[in-house]
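Enquirer: Start from the sequences and build out the full structure, keeping to the hints where you can.
Letter by letter, the chains look like this.
There are 2 protein chains.
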Amino acid sequence: MRPVTSQGATGELALVSSLCGLISTSSFESMTSMSCAIHEGGELGYALAVSFGAVMDNPDLIVTCLIGDGEAETGPTAAAWHLTKYLDPVESGAVIPILHVNGFKISERTIFGCMDDKELICLFTGYGYQVAIVETLELIDIELASTLDWALGEIKKIQLAARSGKPILKPRWPMIILRSPKGWTGPKKVDGEFIEGSFRSHQIPVPNANKDEDHLRILQSWLQTYDPSRLLKDGMPAKSILDIIPEKDSKKLGQLKQTYDSYQPLNMPDWKNFAVEKFQHVSCMQETGKFLNEVVLNNPKSFRIFSPDELESNKLGDVLKNTGRNFQWDEYARANGGRVIEILSEHCCQALLSGYTLTGRTGLFPSYESFLGIIHTMMVQYSKFNKIAQDVKWRGDLSSINYLETSTWARQEHNGFSHQNPSFIGAVLNLKPEAARVYFPPDANCFLSTIHHCLKSRNYVNLMIGSKQPTAVFLSAEDAAEHCKKGASIWKFASNDGGHTPDVVIVGVGVEVTFEVVKAAELLRALLPDLRVRVVNVTDLMVLAAESHHPHALSHTHFQDLFTEDRPVCFNYHGYATELQGLLFERPRLDRISVKGYNEEGSTTTPFDMMLVNSVSRFDVAARAIKGATKHNEKVKEKLDEVLKEIEKRVLEVKQYISTQGKDPEDLYDMPKF
Amino acid sequence: MRPVTSQGATGELALVSSLCGLISTSSFESMTSMSCAIHEGGELGYALAVSFGAVMDNPDLIVTCLIGDGEAETGPTAAAWHLTKYLDPVESGAVIPILHVNGFKISERTIFGCMDDKELICLFTGYGYQVAIVETLELIDIELASTLDWALGEIKKIQLAARSGKPILKPRWPMIILRSPKGWTGPKKVDGEFIEGSFRSHQIPVPNANKDEDHLRILQSWLQTYDPSRLLKDGMPAKSILDIIPEKDSKKLGQLKQTYDSYQPLNMPDWKNFAVEKFQHVSCMQETGKFLNEVVLNNPKSFRIFSPDELESNKLGDVLKNTGRNFQWDEYARANGGRVIEILSEHCCQALLSGYTLTGRTGLFPSYESFLGIIHTMMVQYSKFNKIAQDVKWRGDLSSINYLETSTWARQEHNGFSHQNPSFIGAVLNLKPEAARVYFPPDANCFLSTIHHCLKSRNYVNLMIGSKQPTAVFLSAEDAAEHCKKGASIWKFASNDGGHTPDVVIVGVGVEVTFEVVKAAELLRALLPDLRVRVVNVTDLMVLAAESHHPHALSHTHFQDLFTEDRPVCFNYHGYATELQGLLFERPRLDRISVKGYNEEGSTTTPFDMMLVNSVSRFDVAARAIKGATKHNEKVKEKLDEVLKEIEKRVLEVKQYISTQGKDPEDLYDMPKF
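Just so you know, the sequences run in chain order U and C.
The first sequence begins at 319 in my numbering and counts up by one.
The second sequence begins at 319 in my numbering and counts up by one.
Keep in mind that the hints were calculated from the coordinates and are not lab data.
Fair warning: there could be bad hints in the mix.
Identical copies look the same in the list; a pair holds intra-copy or inter-copy alike.
Said to hold, decoys possible - Heads up, simulated DSS-like pairs for lysine-lysine below, C-alpha to C-alpha not over 25 Å straight-line:
| id | residue 1 | residue 2 |
| --- | --- | --- |
| 1 | 949 | 914 |
| 2 | 981 | 529 |
| 3 | 639 | 507 |
| 4 | 750 | 973 |
| 5 | 436 | 488 |
| 6 | 981 | 570 |
| 7 | 973 | 705 |
| 8 | 403 | 436 |
| 9 | 484 | 403 |
| 10 | 705 | 914 |
| 11 | 590 | 803 |
| 12 | 484 | 436 |
| 13 | 804 | 774 |
| 14 | 569 | 945 |
| 15 | 945 | 991 |
| 16 | 774 | 590 |
| 17 | 619 | 774 |
| 18 | 570 | 484 |
Expert: And the structure:
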């Protein structure tokens, strides 16, 4: 919604008031506009979908959602009308969408305002609704009241049928179209220009009331139409107004527990029961799927997964072992409940997740890495709402909002350049440090520990990034737990600094790029046994932030313990190098630190070629390490040219193999040996 | 579209083939699938809107756009169906959308696949179309051919009427729904599971043909259904196939000029004719609006503006002086042409801009700063397409794609926290340096020079950020031209280093934050006349990138000329500090450089309070400068505490004024005097 700073939204305000009245006298105890929770969605056009998220697993909740005809032009709203098709009337409540057609946006006419009744009824009937039009201005309160009663009756019919085991096939949920002039009841004309019924009522209709006599008179006579003497008495609202407020708190708008304090912690299984043996290749996602299956079983009414049809492709299919996809238009899924919603609209997924989380439950949004960027502004809006909400004393905690990225740029089996976009990481990094959490668990056990932590956490934006392809398991369950707790550690099994200051530190942040770092250490051990190499993995990105810039940021001492005081440090990073560089900026002695990451290079090529073209392969790491280390180790300096030549030779061999065979040499992924 | 790597898309492939055949025999010479231009839009669901952009001002072009029922679930596609309402049949061509309903996405059923004919016809009739359903598999080629002929006839009818001065009111453009089984004509079953008509035909239907005898046989008999002996002869396509290829190049798909080489440079007015006098406050946007009005006049058929209904609000309303908003459903705008489209869907705006630019014309997308992030992944997809296209020899240049951000976080008169999001800058920074261009013109003259440059440029992604409120003009037209050419300069009028090494360099990047820097210089001159301060403004952000990292990056020497070798440098930056830090990372001696920028703090507060809460006010800059300068100037060190106290006192005074008066002290914006 555009801001309600003035007359512009008089229509909306009048409507909200009449709704409030209706709600308090409604026979449906739990009906509420959920305005606190969903207003934040207005600007980006996703309030409608947020409402659907709010009523899921809240069978007695009915949310009215007012949609301006401006925001109705947005894609996210246009897609969200379909969401009744994902609402099982047994387990979930209902939404009454009210499309408010006043004909104008800030200054242009609206699409819906220029559609006649036939066009509108046709469109929304096609979306699956029963449509009622409310437009008789002289009787608008009565008409709206009776229409809402009709809507409630229709909802009750659908719910009763479903809840008594005889669900209506493709139930046609009610929706309301409210036609009223923009700026209705405001000034008719100012300076000879129409205000009521025109775009000019948007924002400030009488701009010069503080310096122009005529404007002041217009303002005065407008405000007098509200008859303040009837509304106010002795500086207080009159009894007739106060009487509208329901007696019971539970009937007051905004005092529903769902709107301010409804957090239900999940019943979490022990992730260590799902841990795998180390020194094998295992898919992080497959193991996570098994774990999530248990989360679903343990939390049949307070955990949901929203995905743009990528669960199977992301190898998380095990979550479907004990639950289904909740799509009511599919005859095989109809009226069967189900914890999973797969709609190919990231906007809908994000809005459903927001609505579900804001009403106290916990959700997960797994996605191809490249597609979460689609909803980055929605995530930022959510975080802004939550930042302000945290400042309000009477608000309780919320579950964190949880994102899982896989099918990343690092493994482009058949997709290619269009599917390479790790930019959602940067979007989370730009949030306030209190909320921002980004994790790169380096193996399956670390991923299990991380997702367990995230689903239990509160008030954060958690982003977890992992691989769906089998990758090396480096840490036992116990070591993984310890590593994730610290956020970053020296991997002694791959280091040969003997606990002393090394010549160089090589650091992996991300699954595949960490494997390359460990393989680089193996390579360096073979080519240059005199080089003292330390291998570090960072699983919690935020530990790298400059001291005091993030709650997880390593103290200066801890940072030095890992990265030494003055030795070259080569970061091999999953995301864009510049974002990690920005994060590290106020750490001391940056001239010794180099960062390589995804560099917008790639195609439908082999996994290893993706490492090569983005300069994050083991060979690149090894070459950077050697060049950096020459400063501190004379023996290395002597052999520099020779070793670099050997590395170059190996790169060429691999490139040739890939270009002739169309696949990576198989031994490339052998578990590193030290 | 999901990638066509295998059988999954057999249906689509067959269809495309039959379309190609049709097109070559069609009576409409210019009909084309524009597949090169629009395929890149598939993944994010915006191919449909890109098609509409392509036909605008191409009156003889008809684009068929195939929309999968998966991508049809996306918001961008759901909104784009309305775009016929923005198509004037006199000046523009037409789109034939073909919704291909095969019922499945990667693994879940689709919404459209579960809607019956009545539901589908109702929905698309509501959107404004005439709907034809093609579904008779036995006769699919004939049915599709005759349906396309029908569609072409309907288009011709609408165009003829409009072009002979009798436009049809609310013309109902044709669209086609094609129902065919997913994986049609592929293997029926593999390992006992249905393939044809099931989601399993997505991607690889016979995965083990290289190691399993049964699979190999299935693959073989499937491929034999194509009857290769009929299609191929002596290792070449048979004559019957080759005969399908049209003789004339102009009838070959992909050889239409629009698809590969159609760049039309704009006829640009001289921006200096619009320049303003310096030392006054002028709105960059208002002056830019006047300039754009002239661009519109000079280029009546090759320049368009796409805006989410924010032109007036962004103070660019002057572009409407000689042209209108092209919205055919508005009776007052109908059949009147118009260079401006204002739809409240950033996704539609971006896709229209992409389609328009990809077919050789030039567009501009002005937006509130906070809302361009909505389309950041679409912009990235566009850039990826363009990066690859640039590598292809036979492709010509394209106009740059141009974004203008105003209504920024720095002026939150009535919007507030939800409208503060400068993250689109970071999205552009992550592009390949060859394409990424970000400009912060510090005043109206610099803005004119910049937009003139951008609209003339080719193959870039240009992001220009400016203020719509009156702000100080610091540079004359000549100085502005020189400054913009350099990208960054020392502002001597505000500096007191006398051309020698200063004690401190203070740098503004962005309109409002630069004003604060200049005011900080004024303040420091008064409080600490002994302090040698250099003021620098950066208008072309990319000059700061580390040497060789960007074509605009300053050489090491030039960087030192501006920022000295070792003096403290305080950046006051419009965007998120971390992105500038990332950009600067490989510059030497970073420990002397500090960056402040938008820090996710704010509300509906005064402009100056926004500076204060994000620590970029003149007082913050002055305090940082003094603290940094103590190292190099003993006199400053002595007075440090005293001056800091004085600054603190002034901050308190201003804060108190704002909190009691609800506005900024008026003298705060006086032109700085030196």
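Enquirer: All hints, please: hold or fail.
Expert: Each hint, compared with the structure:
1. In the homo-oligomer, the alpha carbons of residue 949 and residue 914 lie at most 25 Å apart inside one protomer (20 Å), although the nearest pairing across protomers, at 34 Å, exceeds that limit.
2. With identical chains, the CA atoms of residue 981 and residue 529 are at most 25 Å apart between copies only, with a shortest distance of 17 Å across copies and 76 Å within one.
3. Taking the shortest alpha-carbon separations for residue 639 and residue 507, only the inter-copy value of 23 Å comes in at or below 25 Å, while the best intra-copy value is 64 Å.
4. For the identical chains of this complex, residue 750 and residue 973 are inter-copy neighbours only, at 23 Å across copies versus 43 Å inside a copy, given an alpha-carbon limit of 25 Å.
5. Proximity of residue 436 and residue 488 under a CA criterion of 25 Å is satisfied in both settings, with 22 Å inside one chain copy and 13 Å between copies.
6. Taking CA atoms no more than 25 Å apart as the test, residue 981 paired with residue 570 passes in neither setting, with 64 Å inside one copy and 35 Å between copies.
7. Taking CA atoms no more than 25 Å apart as the test, residue 973 paired with residue 705 passes between copies only; the shortest distance there is 23 Å, against 49 Å inside one copy.
8. In this assembly of identical chains, the alpha carbons of residue 403 and residue 436 lie at most 25 Å apart whether taken from the same copy (23 Å) or from different copies (16 Å).
9. In this assembly of identical chains, residue 484 and residue 403 lie within 25 Å of each other by CA distance solely inside one copy; the values are 17 Å within and 42 Å between copies.
10. Only between protomers do residue 705 and residue 914 lie at most 25 Å apart by alpha-carbon distance; the minimum there is 21 Å, versus 33 Å within a single protomer.
11. Taking CA atoms no more than 25 Å apart as the test, residue 590 paired with residue 803 passes inside one copy only; the shortest distance there is 14 Å, against 61 Å between copies.
12. For the identical chains of this complex, residue 484 and residue 436 are inter-copy neighbours only, at 24 Å across copies versus 32 Å inside a copy, given an alpha-carbon limit of 25 Å.
13. With identical chains, the CA atoms of residue 804 and residue 774 are at most 25 Å apart within one copy only, with a shortest distance of 18 Å there and 53 Å across copies.
14. For the identical chains of this complex, residue 569 and residue 945 are neighbours neither inside a copy (70 Å) nor across copies (57 Å), given an alpha-carbon limit of 25 Å.
15. Taking identical chains as interchangeable, the C-alpha atoms of residue 945 and residue 991 lie at most 25 Å apart only when both belong to the same chain, with a minimum of 23 Å there against 52 Å between chains.
16. Proximity of residue 774 to residue 590 under the C-alpha cut-off of 25 Å is restricted to the intra-copy arrangement: shortest distance 15 Å within a copy versus 61 Å between copies.
17. In this assembly of identical chains, residue 619 and residue 774 lie within 25 Å of each other by CA distance solely inside one copy; the values are 16 Å within and 58 Å between copies.
18. Taking the shortest alpha-carbon separations for residue 570 and residue 484, neither the intra-copy value of 34 Å nor the inter-copy value of 57 Å comes in at or below 25 Å.
In this structure, the hints that do not hold are numbers 6, 14 and 18, in rising order.
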